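S.K.: Since the structure of chain U is already known, use the hints to place chain W on it.
Heads up: the sequence lines are chains U and W, in that order.
If you read the first sequence in the working numbering, its first letter stands for residue 1290, the second for the next number, and so on.
If you read the second sequence in the working numbering, its first letter stands for residue 16, the second for the next number, and so on.
Hints may contain errors.
[To be verified] Restricting the straight-line Cα-Cα distance to at most 27 Å, the calculated cross-link-like pairs of lysine-lysine (DSS-like) are:
1) Lys29(W) - Lys86(W)
2) Lys1393(U) - Lys1292(U)
3) Lys72(W) - Lys1292(U)
4) Lys1358(U) - Lys1341(U)
5) Lys24(W) - Lys1393(U)
6) Lys24(W) - Lys86(W)
[Said to hold, decoys possible] Among the chain U residues that face chain W by a calculated CB cut under 7 Å, a handful are:
7) Cys1301
8) Ala1302
9) His1329
10) Gly1332
11) Pro1333
12) Tyr1335
13) Gly1389
Hint data in this document are derived by calculation from the structure and do not stem from the laboratory.
Remember, it's a predicted structure, so these values are computed and weren't measured experimentally.
All C-beta atoms, glycine included, are put in the ideal place defined by N, C-alpha and C.
Each chain, written out:
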Amino acid sequence: DAKTTQPPSMDCAEGRAANLPCNHSTISGNEYVYWYRQIHSQGPQYIIHGLKNNETNEMASLIITEDRKSSTLILPHATLRDTAVYYCIVIGDFNKFYFGSGTKLNVKP
Amino acid sequence: NAGVTQTPKFQVLKTGQSMTLQCAQDMNHNSMYWYRQDPGMGLRLIYYSASEGTTDKGEVPNGYNVSRLNKREFSLRLESAAPSQTSVYFCASTRGTTDTQYFGPGTRLTVL
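Bound-form chain U, shown alone (with noise of 0.2 Å):
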């Protein structure tokens, strides 16, 4: 599986769009793209996930680059709830899952 590449931390004003990036330049084309998160030490929560084609559901929308190298994560009004580390991840085979380290997202008032 790809390994994934996203930035620590970032900042979100509440009721704002959040944009969290994710590069996964080595991606095989029967991979797909999950996005997780993880609130404090909880269990990590599922939000979405895609092969080609962009997706939303009632969590988030996933944009995924036509070349498949990066995607985009887009939580279209983020709240106060919605802190937590946030995680790419590309799955295709099952002894290689990479959680990384994720992406922090702090929302502020």
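M.R.: Chain W alone, transformed into the frame defined by chain U:
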């Protein structure tokens, strides 16, 4: 439907002691995983079980053993605990390889 459950929630061990962390899922998932998370770090895969009856090593398997008892349960055993194994342990399950992983609440283990 409880999802993924883990026991115990907290545990303190002395160096050299052994213990088993239990994980169960009620979603009829085929695959189960054990991760560890050290302070300020991301999750690292210890072992996984693609299906009932199979287990394989992940990124950091040394010092651990696992048992896929049945489709529901996947246990992680520390035979001789070491301070370096102080961590939060998460269990997860998925229907298949690239499906969404569902995580348990974690077990906080301290080895003195």
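S.K.: Against each hint, give a clear statement of whether it holds in the structure.
M.R.: Right, here's what the structure says about each hint:
Of the pairs offered as hints, the one joining Lys29(W) and Lys86(W) is violated, with about 32 Å between alpha carbons and a cut-off of 27 Å exceeded. Proposed proximity of Lys1393(U) and Lys1292(U) is supported: the alpha carbons are some 18 Å apart, at most 27 Å. With a C-alpha separation of about 18 Å, the suggested pairing of Lys72(W) with Lys1292(U) holds against the 27 Å cut-off. A hinted pair counts as satisfied when its Cα atoms are at most 27 Å apart, and Lys1358(U) with Lys1341(U) qualifies at roughly 10 Å.
For the hint pairing Lys24(W) with Lys1393(U), the CA-to-CA distance comes to about 25 Å; that is within 27 Å, so the pair holds. Using a Cα cut-off of 27 Å, the hinted pair Lys24(W) and Lys86(W) holds, with the two alpha carbons roughly 22 Å apart. Interface restraint check: Cys1301(U) against chain W, minimum CB-CB distance 21 Å, threshold 7 Å, status violated. At about 25 Å, the closest approach between the beta carbon of Ala1302(U) and any beta carbon in chain W exceeds 7 Å, and the interface hint on this residue is violated.
Given the 7 Å rule on beta carbons, the hint for His1329(U) is violated: about 10 Å separates it from the nearest Cβ of chain W. Among the interface hints, the one on Gly1332(U) holds; its C-beta lies about 3 Å from the nearest C-beta in chain W, closer than the 7 Å criterion. A least Cβ separation of about 5 Å between Pro1333(U) and chain W falls short of the 7 Å threshold, and the interface hint therefore holds. This hint holds: Tyr1335(U) has a C-beta 5 Å from the nearest C-beta of chain W, less than the 7 Å allowed.
A hinted interface residue such as Gly1389(U) counts as satisfied when its beta carbon comes closer than 7 Å to some beta carbon of chain W; here the least separation is about 5 Å, so the hint holds.
Of the numbered hints given earlier, the model fails hints 1, 7, 8 and 9; all others are met.
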